[in-house]
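There are 4 protein chains.
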Amino acid sequence: MNKKNLTPNAFSKMRSRFFKSVCALPLFAWLLVSILSFQNIKKKKVIFFGDSITQQGAMAGGYISKIDSLCKLDRLSNEFEFVGKGVGGNRVYDLFFRFQEDVLDQKPDIVVVYVGINDVWHKTTSGTGTEFKKFGAFYDKMISQMKAAGIQPVMCTPSVIGEYNDDTNLQDGDLNFYAKWIKEYAAQNNIPLIDLRQTFMGYLDLHNPKNEEKGVLTTDRVHLNAAGNLLVAKEMWDVLKKM
Amino acid sequence: MNKKNLTPNAFSKMRSRFFKSVCALPLFAWLLVSILSFQNIKKKKVIFFGDSITQQGAMAGGYISKIDSLCKLDRLSNEFEFVGKGVGGNRVYDLFFRFQEDVLDQKPDIVVVYVGINDVWHKTTSGTGTEFKKFGAFYDKMISQMKAAGIQPVMCTPSVIGEYNDDTNLQDGDLNFYAKWIKEYAAQNNIPLIDLRQTFMGYLDLHNPKNEEKGVLTTDRVHLNAAGNLLVAKEMWDVLKKM
Amino acid sequence: MNKKNLTPNAFSKMRSRFFKSVCALPLFAWLLVSILSFQNIKKKKVIFFGDSITQQGAMAGGYISKIDSLCKLDRLSNEFEFVGKGVGGNRVYDLFFRFQEDVLDQKPDIVVVYVGINDVWHKTTSGTGTEFKKFGAFYDKMISQMKAAGIQPVMCTPSVIGEYNDDTNLQDGDLNFYAKWIKEYAAQNNIPLIDLRQTFMGYLDLHNPKNEEKGVLTTDRVHLNAAGNLLVAKEMWDVLKKM
Amino acid sequence: MNKKNLTPNAFSKMRSRFFKSVCALPLFAWLLVSILSFQNIKKKKVIFFGDSITQQGAMAGGYISKIDSLCKLDRLSNEFEFVGKGVGGNRVYDLFFRFQEDVLDQKPDIVVVYVGINDVWHKTTSGTGTEFKKFGAFYDKMISQMKAAGIQPVMCTPSVIGEYNDDTNLQDGDLNFYAKWIKEYAAQNNIPLIDLRQTFMGYLDLHNPKNEEKGVLTTDRVHLNAAGNLLVAKEMWDVLKKM
Numbered sequence: 124m125n126k127k128n129l130t131p132n133a134f135s136k137m138r139s140r141f142f143k144s145v146c147a148l149p150l151f152a153w154l155l156v157s158i159l160s161f162q163n164i165k166k167k168k169v170i171f172f173g174d175s176i177t178q179q180g181a182m183a184g185g186y187i188s189k190i191d192s193l194c195k196l197d198r199l200s201n202e203f204e205f206v207g208k209g210v211g212g213n214r215v216y217d218l219f220f221r222f223q224e225d226v227l228d229q230k231p232d233i234v235v236v237y238v239g240i241n242d243v244w245h246k247t248t249s250g251t252g253t254e255f256k257k258f259g260a261f262y263d264k265m266i267s268q269m270k271a272a273g274i275q276p277v278m279c280t281p282s283v284i285g286e287y288n289d290d291t292n293l294q295d296g297d298l299n300f301y302a303k304w305i306k307e308y309a310a311q312n313n314i315p316l317i318d319l320r321q322t323f324m325g326y327l328d329l330h331n332p333k334n335e336e337k338g339v340l341t342t343d344r345v346h347l348n349a350a351g352n353l354l355v356a357k358e359m360w361d362v363l364k365k366m
Numbered sequence: 124m125n126k127k128n129l130t131p132n133a134f135s136k137m138r139s140r141f142f143k144s145v146c147a148l149p150l151f152a153w154l155l156v157s158i159l160s161f162q163n164i165k166k167k168k169v170i171f172f173g174d175s176i177t178q179q180g181a182m183a184g185g186y187i188s189k190i191d192s193l194c195k196l197d198r199l200s201n202e203f204e205f206v207g208k209g210v211g212g213n214r215v216y217d218l219f220f221r222f223q224e225d226v227l228d229q230k231p232d233i234v235v236v237y238v239g240i241n242d243v244w245h246k247t248t249s250g251t252g253t254e255f256k257k258f259g260a261f262y263d264k265m266i267s268q269m270k271a272a273g274i275q276p277v278m279c280t281p282s283v284i285g286e287y288n289d290d291t292n293l294q295d296g297d298l299n300f301y302a303k304w305i306k307e308y309a310a311q312n313n314i315p316l317i318d319l320r321q322t323f324m325g326y327l328d329l330h331n332p333k334n335e336e337k338g339v340l341t342t343d344r345v346h347l348n349a350a351g352n353l354l355v356a357k358e359m360w361d362v363l364k365k366m
Numbered sequence: 124m125n126k127k128n129l130t131p132n133a134f135s136k137m138r139s140r141f142f143k144s145v146c147a148l149p150l151f152a153w154l155l156v157s158i159l160s161f162q163n164i165k166k167k168k169v170i171f172f173g174d175s176i177t178q179q180g181a182m183a184g185g186y187i188s189k190i191d192s193l194c195k196l197d198r199l200s201n202e203f204e205f206v207g208k209g210v211g212g213n214r215v216y217d218l219f220f221r222f223q224e225d226v227l228d229q230k231p232d233i234v235v236v237y238v239g240i241n242d243v244w245h246k247t248t249s250g251t252g253t254e255f256k257k258f259g260a261f262y263d264k265m266i267s268q269m270k271a272a273g274i275q276p277v278m279c280t281p282s283v284i285g286e287y288n289d290d291t292n293l294q295d296g297d298l299n300f301y302a303k304w305i306k307e308y309a310a311q312n313n314i315p316l317i318d319l320r321q322t323f324m325g326y327l328d329l330h331n332p333k334n335e336e337k338g339v340l341t342t343d344r345v346h347l348n349a350a351g352n353l354l355v356a357k358e359m360w361d362v363l364k365k366m
Numbered sequence: 124m125n126k127k128n129l130t131p132n133a134f135s136k137m138r139s140r141f142f143k144s145v146c147a148l149p150l151f152a153w154l155l156v157s158i159l160s161f162q163n164i165k166k167k168k169v170i171f172f173g174d175s176i177t178q179q180g181a182m183a184g185g186y187i188s189k190i191d192s193l194c195k196l197d198r199l200s201n202e203f204e205f206v207g208k209g210v211g212g213n214r215v216y217d218l219f220f221r222f223q224e225d226v227l228d229q230k231p232d233i234v235v236v237y238v239g240i241n242d243v244w245h246k247t248t249s250g251t252g253t254e255f256k257k258f259g260a261f262y263d264k265m266i267s268q269m270k271a272a273g274i275q276p277v278m279c280t281p282s283v284i285g286e287y288n289d290d291t292n293l294q295d296g297d298l299n300f301y302a303k304w305i306k307e308y309a310a311q312n313n314i315p316l317i318d319l320r321q322t323f324m325g326y327l328d329l330h331n332p333k334n335e336e337k338g339v340l341t342t343d344r345v346h347l348n349a350a351g352n353l354l355v356a357k358e359m360w361d362v363l364k365k366m
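Residue numbers (this note's numbering), protein chains in the order written: chain L, 124 to 366; chain E, 124 to 366; chain Y, 124 to 366; chain H, 124 to 366.
Don't read these hints as lab results, they were simulated from the structure.
It is possible that some hints are incorrect.
A pair counts as met if it fits within one copy or between any two copies, since identical chains are not told apart.
As the list claims (entries may be wrong) - When the alpha-carbon atoms are kept at most 27 Å apart in a straight line, the in silico DSS-like pairs for lysine-lysine are as follows: (1) Lys365 with Lys333; (2) Lys256 with Lys337; (3) Lys270 with Lys333; (4) Lys333 with Lys306; (5) Lys256 with Lys333; (6) Lys337 with Lys195; (7) Lys303 with Lys337.
Bear in mind that the values here come from a model prediction, so they are computed numbers and not experimental data.
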């Protein structure tokens, strides 16, 4: 085809086609980038695995909902997907009971394990807490199976059973003992740790001047109020967003 | 062939052959039966799955050793193989912890589950017993998985924590409550039941005239002495030999 | 004085006097009897010494109120005075704590001691029940001091913690154990016994066909409903009215 | 009598008499002072009122024996008399049970009350610890009765149940809670306080580098070894010798 032989009309058509192509280019590029982006940014699926605190955490105002909000504020909502798998009253062996179905079968990328309160608490409420050695054995078995399945675990220390800030809550000693094991295990196995217990204790030192047993971060010594949910959300999001 | 035409020598040979055949017949028959028998009598592998009572049961003088002896007395030792899988302190969730390795992977034909004492006992000794609802949940999960794997489960009620025969042992009520669940579950699911608790109670009614707390069937209110091991062995063997 | 010499008038006067005397006699006799009666029938002061069941027992519809009604029905209300001294949560050592003020200083004639439920129950709810040996020691000390003060004690076995009628309530064994001690102590020391536990068990055998945990004689496994209060009232009144 | 007229011999005799008198004076004065002293320094009777730690404290090598030694070293043994009244397993209400006989009837000047460990400990070992409110009620009643009887009470905080120095002993929280009440009560009521818990914790911070659960000041997490007995003895003697 030669330009000289072209009728004005034909030339006009060509020019029209050319500009159409030029206009289409950015659109095409954008599509291309989007598709590639989409392939690169497959969302990370994060499961929060725990007890009633996590069960409530998935509700409106709960810590998982707040993490979702923080994620959006940081414009990272297309990188993360958050799933709550909390069941009231769960101890570490109750997590193990539903570990296959609620964790492994879900094929998550990251699992935040927040357990230990009922393991200690139920010793005094119903005589059905978890023996210390077994706490470690069940926990370790799940962490090992996550690693074998290519899942990144994140460990949390248990927050509080009572908000007194002078070491006088009934089960402070035992809770510290279990928290200590979690910290040491995480360190030895190079697992990200969210030390909720230390965070709570630090917060209560500053914000519980009347040394109340509850009401600062919890509603009932254990379950989180709005401030408690926000504190947990912040601590967890700080760790998660870097992963 | 006619006898009259036969030379003495030929007759003698025939007679020899005939008798050889006659003599060989039983041998052949025996061999045949033996071979067929061997195919039929592949030994049934029985796993005893439980706590310290079962751990001790596998030792000399223990109830598993005694079952083995009873089996031999009944000339059934080529039909059964007995394996002890008891671990001290185990509650139902501890059985579940090692269920894959110690039961499913062992490919048994029959599994006798003898658990429940620590689930109740540890409530008062260390605050780490098993919540009633969870006792059923863990137990049911294992029974279901056994059935799915073609394994025949046998359930036992927990024997005793204390040998008083007038319903005054500290945890009689709770033990009865867990035993009741086991009996009902076994009945509903058509699972052979060995009601050790009833057997022990009946025995203690007759043989504990001074109403001693221990020493009749146990050494320490829980772990079996020789009489206790024999009683358990008899009860179990009566059920097993018919399976 | 001769009737013949009397004028009609004089005779009339004499007759009048005579009849006045005759009429006055019954009045006088009645007054005499009444005064003597009043001296004889000084009301017997009965103190009911116990825990929250007794505290509620003194309220409208409570067992002490019902005993008062039964007493009136038997027209014995001028022979008995009933005083409730029950305090919620009390164990035997809590009774001892207020024994001087609430019993000895009140100078009662009879004291009905109804204790033992919290001594057993609190073992599992808060770890603050009463050691068996100490239960007996405190109880014995109070009974001895009552006897020394000329007060007649009456002992009751603890009723129920849970209304299952097949020996499956969590603390049936322990409750039976403490009840057994009370029965033996009462027998050995010749003290009237009200075996509430046996009474309740017999009642529940007949009137708890669905084997409910509560609602037949109690509202919450422990505290008495109307039927429970009436049952206790009848049992106690049967013993008290003969004293 | 004139010195000039005296023969040497007579003079000598006189001088001898004079010097005898002079020599006798101090002796006489000393006797006089001693007698008066003896009347003034009626020994202070100190009763140590507590549990098995105090029971063992009265034995050879126990803290009471060591206080007696320290007292002698300070040459104050004629000012103090030490009496141990410790009974194994005692909680505050067990002290109250024998308060009349073992304290009031003994007419002591000073009573050192060292209680609280079993009140907390038995919650987990046998479910028979002491409810917090009742701990205070029983303690207060005894202190009040001592004051009314002119007896000087001294209060001690409970030492330890476990020697971990990082707040991880099972019952650290509860023990701190009871210790806190004792400290506040002593301050409010102007009663000398021996803060054994703080003393032990400070000692363990320095002398338990491997963070052992026992063996530094106790033999078994609770009962004192030689070092523990000496530490208690020093703390107590420092307070007692000034009284």
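Hints breached by this structure: 1, 3, 6
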